[in-house]
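Engineer: Residues per chain are reported as follows:
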Amino acid sequence: MESKKIYSVVGLFDTADEIIHASEKVVEHGYKKFDIHTPFPVHGLNQAMKLKPSPMGYFALVFGLTGTAIALLTMAFMMTFDYPLNIGGKPLFPLPAFISVTFEVTVLLASIGTVLALLFVFFKMPHNSHPLHDSNYMKKCTTEMFGVCLEAEDEKFNEADARSFLENLAAKEIETIYIEKEEVPAIFSKPFIGFLVFTIVLVSGATYFVTNKLMFMQPFNWMMDQHRVDVQSISTFFPDSFSMREKVEGTVPRGFMPEDYKESPDSAGMYLQNPLEYNEKNIALGKRKFLTYCSPCHGNLAKGDSRLLDNFPKPPTLHSKKLREWSDGRIYHVITFGQGVMPTYAKQVTREERWAIIQYIRTLQKALNPAEEDFNGAK
Amino acid sequence: MRDYSIEPSVVEGKPTFRQIDELIGAPLEKMPDKKFYITISITGTMFLTGIMCWGLSFYYGTGLWGNNNPVGWGFPIVNFVFWVGIGHAGTLISAILFLFRQRWRNGIARFAEGMTIFAVMTAGIFPLFHTGRPWLAHYLFPHPNDHGLWVNFTSPLLWDVFAISTYFTVSFIFWYVGLIPDFANLRDRTKNKVKKVIYSITSLGWRASNRHWQHYEMVYLILAGFATPLVLSVHTIVSFDFAVSIIPGWHTTIFPPYFVAGAVFSGFAMVQNVLIFVRKVFNYENLITVNILEKMNKIIILTGSMVGYAYAMEFFIAWYSGNEAESFVFINRALGDYAWAYWIMVTCNVVFPQLFWIKRIRRNIPIMFVIGVLVNVGMWFERFVITVTSLSRDFLPSSWAYYKPTLIDGGILLGSFGMFFTLLLLFTKSLPVVSLAEIKSVIDGAQPTHHHKEANNGK
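Line by line, the protein sequences are chains A and B. For the first sequence, the positions run 17 to 395 when our numbering is used. For the second sequence, the positions run 17 to 475 when our numbering is used.
Be a bit skeptical, because a hint or two may be false.
Which bits of chain A does chain B cover? Going by a derived footprint, with three or more residues having C-beta under 8 angstroms, they are [as the list claims (entries may be wrong)]:
(1) 20–33
(2) 61–68
(3) 142–149
(4) 177–191
(5) 380–392
Selected chain B positions facing chain A (in silico; Cβ < 8 angstroms) [what the hints assert, rightly or not]:
(6) F33
(7) L173
(8) A179
(9) F184
(10) V186
(11) W191
(12) N201
(13) A259
(14) I263
(15) A462
FYI, nobody ran anything at the bench for these hints, they're computed from the structure. A virtual CB, placed ideally from N, CA and C, is assigned to each residue, including glycine.
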């Protein structure tokens, strides 16, 4: 017993009247470090103990105003500045419409803040290692009796005096409370380290799962999962297991016009005429199509100098004498049916566009090898 | 002359502190009996039915419900408003009556607060599922996301998100703060080691010190002060969901007070109904006295009359405003397709509660129970009438349609009752349903008789 430090001397009372009387006596006697423990708040005890008014109201005010400010600033940031949302032509900072949320956030922050401040700052809770815990005194005070606790830290404290003081007040069950030796938590014990490792693995794993997987999971994805055939997928229906099918033989697309002179390019050159007018609009169309479909091989200026040079059977220049002397119909035949390694372009380029491309080719040819009459009007 | 400064005791039988501890702690120490198992299996079955219907709605979508094109709200919103309303009585009892220093509230506040929390939890599920894709519910709250979008803070539906979540959080905090001294009490009385650990954690090491009580009481007062405007704001904002739109029959300024009165009305009826069982089953007749039930019935008449007045005033304004759409909607409510629902509502809400003017009925437990049930039926139909009649007959006659709930709708409604009562039953077995500290502070002899006088005499 000698080695233990005294925390306090305590005494119990039966009624509220007695405890008020006792607390006034304690104050009168000059004790500063003392406490009264009661199972419920007793009216008039604060005055008897001469306690200062509780400052919790100011905390609530500060937390509440913080909430107001946070709510208004957040809404202003979101709806006025970051992503201005025009709703029915109303102002971008519509205060009346913001009042509900502002009020709710104010109340929320004030309530949470005040309670947290009360419990964790003012009361320094959770505090289960207090010397009073588990004493007979505490068990009585939280349930059915009223207690006076004279703490040893007080300047006037003296165990014998305190006991006789409480006896004079007719207190029951006077006892001395000692400070238990504080348990040192074993931080490096195996179970605790195991617990730490387990927690770390659990928390980091859960965080990874939530932020990288769960956030992107859809419980159902029925828009993607439909009863239709996808391209490049295996068909279970057709015996050859191709889901992309050849067209039925003899299928003709809408608006299809057969091309003549397939086997006789010379006749094409002789009989086909360019139906388009030679004008800027058609040349512009031809230029666009030429740059898309022809220039990869023939080069931007049709000189046969594209980036495919040396990597491929050399595409011919379109400025040769032969090409310049070919008729429009002859070139049309090449575009339509292909020649040598050049495939048909009939599927990519419409008839009109083919004729426009030819006009553009003619323009390029004239630019490189102008004839005498092309200088007409130039100075 | 009668001395009004001496209040009659709210607790009968002059119990001692120890008797109160034993009485209220009894359900927590005994194993549940047969009656408990029978009750919880009934409510549990209802709850499971609801879970099944929620699961089906989750998997197959909202097409399983009766909601159709003009009536897009239907049962989910009706049930949501109903359950939020049930919750309001709890906060009114615990916060508003606390501010008015109504000492009789101390016996029923804890239980009513518990009902608030469970009712709001139940209510919250409905809008969640009504969104159609409940797994995307986080988009209801503003947070940075890869769409670069925020929420629309000028929408009443968003105000609702904030109101309900704040209401739940603040109610829960209020409840927990009230529970801390009781946890300390349980901690110091229990003989079971596991319970001791649990109560030591939950009581946070409360020491019943008066230096703590002083701040604690101040915070409790502040919380009550916050919860009071909060509870009024919550149903006001719920009513804004309706009133801010332009549907005839919804677009009226009477909605906020009308909704708040209705919420308190139905909530009190529910609290009264459940307390009748609680006081009987746990022998709390001396703590939850007939006087307390009578006072609750008085509040039911008051709020019921306010609701009746609102019904009348809606009709008057529909005529007085000269607005054709408005007057059509109200005539349609009383005489149209949903007249049956309207007249159930009027009978249950306006006619039956008026029987409480008779003192014998007000103090007769079986009759008040039946009236309480009828009030809740009526209030559920009030939300049904408001939601469905207005939507099914909106401005465009070409889109008018009759709303019929499906079996799944009914299952979800049943499940919500199952959830609420299951949680309530578990609550009665796990926490003290009457606040130990609060009830002790109002029994006879608990407070100093005339403290200052005696203290001065003692000098």
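Engineer: Any of the earlier hints contradicted here, and which numbers?
Structural biologist: Hints 4, 5, 7, 9, 11, 13 and 14 not satisfied by this model.
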